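Asks: So the sequence lines, in the order shown, correspond to chains A and B.
Residue 1 is where the first sequence starts when you use the numbering used here, and the numbers rise one by one after that.
Residue 1 is where the second sequence starts when you use the numbering used here, and the numbers rise one by one after that.
Calculated directly from the structure, the hints in this document are not laboratory data.
Be careful, since some hints might not be right.
As the list claims (entries may be wrong) - Partial pick of chain B residues on the chain A-facing surface, computed with a CB cut under 10 Å:
1. N106
2. G107
3. C125
4. Q208
5. Q241
Only a predicted model underlies this, so the values are computations on that prediction, with no experimental measurement involved.
Note that CB positions come from ideal geometry on N, CA and C, so glycine has one too.
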Amino acid sequence: MKVKILRQVTPVSEPYWEGFNYDGPPDISVAGLLDHLNYNDDIVNDEGVNTTRIGWECSCLQGVCGSCAMVINGIPALACETFVRDLKGNEITIRPLRKFPVIHDLITDRSSIHENLKKTNIFIREWQQSEDKDHEHQYLAAKCLKCGLCLEVCPNYVNGQTFYGAVFANDCYLVSSRNRNKISEIRKVYGEHFGGGCSKSLSCVDVCPMKIPTLASMSKLNRR
Amino acid sequence: MKDVLVIGSGISGMSCAVRCAELGLNVTLVSPFPSERAQSVMAAGGINAVLEDNGEGDTVLCHVEDTLRGGGYLSSEEEVKGLCERSGEILRFLERIGTVFSVDENGKTAKRAFGGQSHKRTYYCGASTGKQIVSSLIMEVRHFEAAGKITRRLWSCFHSGLILDGVCYGALIYDETTRKLETIYADAVVMATGGQNTLFGKTTGSTQCDGYAQGQLFRQGVELKNLEFIQYHPTTLVTGQKNMLISEAARGEGGRLFYMENGKRVYFMEDKYGEKGNLMTRDVVSREMFLVNKDIWLDVSFLGERLIRRRIPEVMELCRKYRGIDISKEPIPVTPSVHFFMGGFAVSLDHETNIRNLFAVGECASKYHGANRLGGNSLLAAIYGGMKAAEEIAGRAGDDKHPDFSGYAARQTQVLEEKGKTESRFPVAYIRDLLAETMQKDLGIVRNEESLDNGITDVDYYLENADRIQYDNSVMTYFNYSLTGILTLARAVLTCAKNRRESRGAHYRSDYPEMKEEYASSTIISYDDGVYRTRPEGNVGTSINTERCI
Ligand SMILES: Cc1cc2nc3c(=O)[nH]c(=O)nc-3n(C[C@H](O)[C@H](O)[C@H](O)COP(=O)(O)OP(=O)(O)OC[C@H]3O[C@@H](n4cnc5c(N)ncnc54)[C@H](O)[C@@H]3O)c2cc1C
């Protein structure tokens with residue numbers, strides 16, 4: 001099986017594709033595949049030329065930390081939860097998330113997610129139960145990994161601009177449902193940085209590894 | 001004091017940063033990756049606390065006694081009391097900042113029973129307690145970031161402490177984006193870098209916990225404690241890359257452990273310990289599994305799909321996703337795995353190390369768990385330690401002067417540059433893999449003098465060669481320079497295990513299977529230019545309140 005990876009040495013260098021051969025079993029996650037390719041003392045590409053280890057980020061390796069978000073065969077996903085056996089065709093392409101600056105190979109700088117939430121004061125501070133008693137929804141919203149997959153598929157999100165995407169909408173919902181005194185403040189920033197800009201393609205819902213009901217978050221925040 | 005440098009941004013680092021900020025201090029919070037990536041998000045089961053209206057007749061003293069007993073009485077009553085007395089306050093704090101705890105039918109914060117407890121006292125958030133706590137702490141930190149009291153620094157890794165004559169003045173940090181070492185001076189430094197997973201390769205935890213900070217500071221004169229006590233979790237599902245925890249709930253719901261002999265199932269835990277055999281403590285089950293020395297399975301299929309989906313849905317999902325196993329139809333292959341480190345930096349009641357102004361909190365510190373940890377106590381200890389260190393720091397007078405470490409920083413920069421040019425056939429990753437193999441083999445669930453000596457010989461050999469190993473420029477520079485610290489820590493762990501010639505808590509020696517009075521104290525280990533010295537700490541804990549709590 002061929003594995004094609006979009007690589008980039010430093011944040012400012014040119015990206016390039018490099019191919020690798022994988023002849024192990026298909027019952028392996030893409031994270032496992034990357035480890036496998038990196039495992040040998042000498043790393044060789046599909047032209048038999050020595051090359052460098054493939055950079056990628058991981059931590060929990062079981063879908064709860066969001067580190068290994070990347071684009072696999074065109075679909076943004078977590079590498080640790082995507083299995084080779086489920087991928088179609090005889091070639092796997094892997095590239096970094098393109099909505100964020102690349103640090104090295106598949107490692108990207110997603111700090112803008114946090115920065116946007118900081119600029120707009122998205123924090124609870126004092127738990128003051130609101131009318132929203134939907135405990136399950138709050139629980140799911142708080143599971144957000146800040147992995148950036150929802151922003152990668154979003155047709156409206158551009159890094160550095162004023163539309164902040166689904167990750168922002170869900171945190172807005174969480175704060176307003178846990179602190180009723182912040183509802184009007186949150187609605188305002190939500191309107192400025194999400195409500196007006198979302199074209200409702202809802203692809204964010206499909207890629208979310210935590211299955212956060214973004215649509216429900218939106219409809220609760222849109223209610224007046 | 002004014003400026004505090006907190007290294008590590010999991011639950012303990014964030015708790016410390018928040019408390020520092022509340023007390024008016026300025027915090028720099030350093031980690032390579034955001035808090036969402038820290039191991040803390042993996043904690044599932046819950047956090048222990050005794051609330052006033054607990055409805056169970058539970059008391060702080062019972063919590064203290066359970067903790068001391070679980071730890072083989074190696075911790076002192078005084079330190080554990082400090083932890084337990086503030087558990088209620090800590091739970092209320094987490095609720096206040098918005099943590100989404102599970103609630104019972106009356107809307108009250110729900111709690112569950114955990115192993116080793118005389119009363120039900122583990123509060124939880126579904127099956128993702130750690131993640132929910134991390135999410136609310138991130139928001140609280142964010143508030144103080146917006147207010148200018150906390151500054152986060154990402155892509156930054158600890159390199160070494162700025163230590164002179166027993167006092168710490170800051171740290172050298174390696175910035176992976178600029179690829180440079182940076183000197184950060186601070187009135188106090190708080191280490192919050194988590195456990196030591198890398199020593200063992202595959203564990204239940206995160207790849208980010210590597211023990212480097214402990215190893216490096218140990219080389220710089222910081223004392224470590226109780227390194228021999230490593231908790232194994234008996235039931236994990238092995239995948240190519242890690243050992244995934246199968247929650248104790250699976251056995252709590254009636255799950256049965258067995259191996260196959262002559263085509264028949266042998267329920268070895270029940271055979272040896274009776275009906276409740278599968279529910280024995282983590283160390284006992286792990287040891288029995290090790291001694292059986294066969295493939296072992298955990299069967300829950302008799303519960304039926306409906307009950308499994310309702311009671312342990314996360315176990316069902318994990319097995320299906322990662323191994324294609326339908327646990328309502330087939331048993332789960334399980335293996336014990338390294339899970340938690342009771343050992344780490346030796347710290348005072350205020351979480352200060354033997355180096356003045358250098359503190360340690362969370363799993364990298366060794367304080368409350370003695371020879372074994374109770375489930376639900378480490379999240380509590382991570383938060384308590386962070387708060388305690390912050391309060392001590394805030395109460396101290398600062399000193400604006402510090403020695404000049406620019407010469408040291410320049411030398412370390414040069415060392416990194418020179419090492420970048422080293423030539424050898426083997427990259428750092430190769431030695432890391434060898435180390436994990438050695439540690440798994442020689443410092444397993446059951447140890448003996450011979451295996452520990454073999455381990456020490458191997459690690460000494462790796463250490464001798466560490467300086468010649470090839471730096472790999474395609475991985476994070478940190479991954480390269482951390483090797484020597486990690487190896488040094490491994491050598492210290494083996495030494496502690498060798499010198500404790502008894503069995504206690506999670507430390508089991510087949511050549512000394514009994515607990516001995518002469519070892520009823522913690523181990524302190526120090527380092528002096530290649531010499532590893534252990535000594536007993538001296539404070540022996542005792543049972544305080546056996547009657548009411550059993
Ligand atoms: C699967 C699993 C389940 C668990 N369940 C429970 C439970 O139910 N209840 C319970 O009480 N405990 C549980 N634990 C244990 C508990 O999660 C940990 O003890 C606790 O979260 C540790 O928090 P911490 O802040 O000390 O470290 P971590 O969360 O590990 O954070 C360490 C931080 O330090 C950073 N870091 C590491 N090295 C460096 C360096 N060199 N330079 C800079 N930064 C560095 C990391 O990036 C990270 O930000 C569980 C553990 C696991 C693995």
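Asks: Regarding the hint that Q241 (chain B) lies at the interface with chain A, is the smallest CB-CB distance below 10 Å?
Replies: Because about 5 Å separates Q241 (chain B) from the closest Cβ in chain A, which is inside the 10 Å limit, the hint holds.
Asks: Under 10 Å, Cβ to Cβ, is where Q208 (chain B) needs to be relative to chain A, so tell me if that hint holds or is violated.
Replies: 5 Å, holds
Asks: Please check whether C125 (chain B) passes as an interface residue: C-beta within 10 Å of a C-beta belonging to chain A.
Replies: This hint holds: C125 (chain B) lies near chain A, its Cβ roughly 7 Å from the closest one there, short of 10 Å.
Asks: Just to be careful: measuring from the Cβ of G107 (chain B) to every Cβ in chain A, is the smallest value less than 10 Å?
Replies: 9 Å, holds
Asks: Let's test the interface hint: is any C-beta of chain A closer than 10 Å to that of N106 (chain B)?
Replies: Check failed: Cβ of N106 (chain B) comes no nearer than 13 Å to chain A, outside 10 Å.
Taken one by one, the earlier hints fail for this structure only at number 1.
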